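Taking the hints into account, I'd like the entire structure generated from these sequences.
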Amino acid sequence: MSISAAPTSHFYTSLRMRLHYLDWGNSTAPTLILIHGGFDHARSWDWTARTLAKDYHVIAPDLRGHGDSAWSAEGSYMTANYVYDLAQLVEQLGRDPVILVGHSLGGSIALRYAGLFPEKVAKIVAIEGLGLSPNRIAEDAQKPAPDKWLDWIAKRRTLARRTRRHYPTIEAAVARMRERNDHLSVEQAMHLTIHGVNRNEDGSYRWKFDPYLHDAAPQVGDDTELPQFWSRITCPTLLCLGLDSWASNPVKDGRATHFKDARLVEFTQAGHWLHHDQFDRFIAELRAFL
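Residue numbering for the sequence shown is 11 to 300, as defined by the working numbering.
Read the hints as simulated data drawn from the structure, not as lab findings. Take every hint as true, because none was put in to throw you off.
Quick list of in silico lysine to aspartate or glutamate cross-link-like pairs, EDC-like style, CA-CA up to 20 Å:
no., residue 1, residue 2
1, K218, D78
2, K153, E235
3, K158, E84
4, K165, E84
5, K165, D225
6, K262, D233
7, K153, D233
8, K130, D106
9, K262, E276
10, K130, E101
11, K64, D290
Owing to the predicted nature of the structure, the values given are computational and were not obtained by experimental measurement.
Following this line, the structure appears as structure tokens:
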């Protein structure tokens, strides 16, 4: 199979949902899966995928509720379901061990999967995918669980009554994209927006992701359990941190000690989307690691 100038679209089924992924060709090469973050989509990885496709069989899924994947009928997005979706994808590709590169939510999913199936992961890169800092977890633990559930029910009812935001032009949506990440160039923001919106009947635009993603349901288990997953990972792990991001430094806060073989790389002049903000440096670090 030749390397694709553009990816081909494919679908698979997981937990009765139709999920989408992109295949960049070169299927005889080692499989590398790029997993995007929350409120994002698989085409967010296009620059990275094109760079790596000569050497790897690059796969980029749309997480459930995102991109061209189906939305949950209940508007519920449990972490366990995301991990199951990844397990299904790896199983159906049938080319493990795989390399996993995940951003934010995608990194969190990848790290959990690698802890559950260490023999199926050759290397893993997590871009700010460790979840809440220990301080945030401790603060969150002070709130009784029933209060968290009541907050979620109230917020979900508010969300159900809210009108979805529409953008009159593609330029307006691009402006919103750049408002979320002011490191993005106009070209980057336009690409991410074009692939991240659907057009409405009245000609306006809306984001593809399910608005119910804005308020996650109370989870079975919590972030205090994450070190148990990390400690089971046996492959080399690269942790990436943008110094302009809100994310906590995992070496300074102690989370990196739970990994058997992990290294942290910091990126200056980069926020949470450091793979966009400092693309050349990110690719250099990624290639050196791989």
